[in-house]
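Undergrad: The lines below spell out each chain.
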Amino acid sequence: MNLIVFTKRVPATQEEELRITDEGKAVDLSKVPFKVNDWDNYSIEEAVRVVEKSGGAVTAVSVGDAESDEVLRRSIAMGAKDGFLIETGDVLHDPNARATLMQNFLKKENVPFDAIFTGVQSEDDQFGAVGGILAAKLGLPFVSMVIGIDAYESDHLIVRRELEGGLQERVKVMLPCVLSIQTGINEPRYVSIMGVRKASKVERKVFKAADYQENVVNKIEAVKWVYPPKKAGATILSGELDGMCKELLGILKEKGVYQ
Amino acid sequence: MSYVLVVAEVRRGIFEERNLDSIGLCTLLGKDAILLIPEGDYGINEQLVNGLVRVKTEETLFLNPLNMVNILEKIMAARGKPDMIVFTNSASGIELASYAAGYFNLPVITDVNGYDKERGIFFKSYYSDKIFGEFRPSGEGTFIITVRSGSFKENAAEKGSAPPAEAIEDVAANTARTFVEYVEEEKTDVDITKAEFLLSLGRGIGNKDEIPDYEELAGLLKAVISGSRPVIDKLWLPKARQVGTSGKTVKPKVYLAMGISGAFQHIAGMKDSSCIIAVNKDPEAPIFQYAHYGIIADIHKVRDALKGILKG
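If you read the sequences in order, they're chains C and B. Heads up: take any position in the first sequence, counting from 1, add 712, and you land on our numbering. Heads up: take any position in the second sequence, counting from 1, add 2, and you land on our numbering.
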């Protein structure tokens, strides 16, 4: 099977303090480290595992600025054959605009594929909509929240998708198709610095997003950034570590869970 | 007539409670809500909506995005285009919404958790819930929204009379994607939903080798170990220990969260705990907004200090 996997470089904001600047027009990410989107890491791994068994090749594609080459090198180090960058300086908040750009690229460059993998969502914008929009635009069947690929045949896949509360749904989907891959579907392989360095010797192709702009319009407008409204919040314990821990044990006693 | 189409999420005969958030958003917008639902006895309070459209189809066909677009096409042909189509922000809701957005070429804003009526602005979270983006559709016409559960259900109100209901016939089932079966989670000996005291571990523990030390702490405290999604994804703890929307919903007397930042999907699974205590080195971690008590510190140091005291 030939698989196309979209992968994105995102800011790792989990433990960072974020500041809104320019009267709500921007979020300062200048001091935030960047990394591969967690969901895309699982997608690449899953795609590589499929081709290791079934043959074919994985092509990693990233939409982003020149720095996004980093996630392509990483994909190649994990086992992708090619890395394509659709270079743009635009942030593309609108999933419709992003998916249309991807659709135009695939059509114009005639990249062959049996299936396209995207991550379920991107950590930065948390939209989770690009895979579904792209599938519909390409006229292909779509399955999201894929947590297992149970079987692959020449004309279809059997996949499991994750629902709520531990429940899963097994689905048959005809090829070609688009799948959105959920985290936890596999255990992504470790990528060493040496591996990435070696991968950087494989040529990555750069395409200009400007060449694929037909119908790429923002259907939604990002008006402003704001901080989430504060709730009452926690009573923060203070003092020395030992003192805080004793206070914590006191709370546990008071609540009746520890004697 | 102007209306909003609310696509019900039903699963195995249950009308999911988060549908009330979709209905509540319509009330907030001051729009008539027409509920789209497969035929069946879902025991819903019909007075919460202004109209019902029952689709003569099976639930699993209804929840299939490839069929849903055909159903939507039929409704729009009959009633005209809605101002908005609302879905739940769930595994199925987002799948249906995004596919419909691509199919009908419509604007979509997912995971909406607030609405400013005066400015016509929808709020959605960004960057690990640390920033909210204000969004609105760029032009006129129908747009699609998915609604974060718990955001608008208080706004849902009874209209005082049973609404008109209509039925649409089944649409031809698409064969490119078909439902096979449901797969239940394997039963295990530990049921975290029964525990009175959970020690819950998050990404902040850093690596798997730290787990035994936390297990020792749990043993000393007589707490049961649970975890957030990243810890389960990395196979540091088994799936049965997962707290959150895709795992278990828990309501222990005490929920002690260590190294959990508090992604929305996690919060949804533990916010009704009687007492939530969060330990995290990041003072901006969203979990402190939901916790009753917080300690801002390195979790390993807190763990070791607690063990020191407990061992006397």
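Calculated from the structure, these hints are not laboratory results. There may be inaccurate statements among the hints.
To be verified - Within a straight-line C-alpha distance of at most 27 Å, the following computed BS3-like cross-link-like pairs (lysine-lysine) qualify:
id, chain 1, residue 1, chain 2, residue 2
1, B, K76, B, K119
2, B, K132, B, K33
3, C, K942, B, K253
4, C, K943, B, K161
5, B, K255, C, K943
6, B, K255, C, K765
7, C, K793, C, K942
8, B, K283, C, K743
9, C, K743, B, K119
10, C, K884, B, K76
11, B, K196, C, K965
12, B, K273, B, K313
13, B, K283, B, K132
14, C, K942, B, K313
15, C, K958, B, K273
16, B, K161, B, K132
17, B, K161, B, K189
18, B, K236, B, K196
19, C, K737, B, K132
Undergrad: Evaluate each hint against the coordinates.
TA: We went through each hint and held it up to the structure:
At most 27 Å may separate the alpha-carbon atoms for a hinted pair to count; K76(B) and K119(B) exceed this at roughly 30 Å. Our distance criterion of 27 Å between C-alpha atoms is broken by K132(B) and K33(B), whose separation comes to about 31 Å. With a C-alpha separation of about 23 Å, the suggested pair K942(C) and K253(B) falls inside the 27 Å cut-off, and the hint holds. Between the alpha carbons of K943(C) and K161(B) the distance comes to roughly 31 Å, so the proposed pair goes past 27 Å and is violated.
With a C-alpha separation of about 21 Å, the suggested pair K255(B) and K943(C) falls inside the 27 Å cut-off, and the hint holds. Pair hint K255(B) plus K765(C) does not hold up; C-alpha atoms about 48 Å apart against a cutoff of 27 Å. Only pairs whose Cα atoms come within 27 Å are accepted, and K793(C) paired with K942(C) is rejected, the gap being roughly 47 Å. Between the alpha carbons of K283(B) and K743(C) the distance comes to roughly 18 Å, so the proposed pair stays at or under 27 Å and holds.
Distance restraint check for K743(C) and K119(B): the Cα-Cα separation of roughly 35 Å exceeds the 27 Å cut-off, and the hinted pair is therefore not satisfied. Among the hinted pairs, K884(C) with K76(B) is consistent with the structure: their alpha-carbon atoms are about 25 Å apart, no more than 27 Å. Straight-line distance between C-alpha atoms of K196(B) and K965(C) comes to about 19 Å, which keeps the hinted pair within the 27 Å bound. Of the supplied pair hints, the one linking K273(B) and K313(B) is violated, its CA atoms being roughly 31 Å apart against a limit of 27 Å.
Taking the CA atoms of K283(B) and K132(B), the gap is about 15 Å. The hint holds against a cut of 27 Å. At roughly 38 Å between alpha-carbon atoms, K942(C) and K313(B) are farther apart than 27 Å, so this suggested pair is violated. Using a Cα cut-off of 27 Å, the hinted pair K958(C) and K273(B) holds, with the two alpha carbons roughly 25 Å apart. Straight-line distance between C-alpha atoms of K161(B) and K132(B) comes to about 37 Å, which puts the hinted pair past the 27 Å bound.
With a CA separation close to 43 Å, the supplied pair K161(B) and K189(B) exceeds the 27 Å bound. Our distance criterion of 27 Å between C-alpha atoms is met by K236(B) and K196(B), whose separation comes to about 24 Å. A distance of roughly 16 Å separates the Cα atoms of K737(C) and K132(B); the hinted pair therefore holds under the 27 Å criterion.
The earlier numbered hints that this structure contradicts are 1, 2, 4, 6, 7, 9, 12, 14, 16 and 17.
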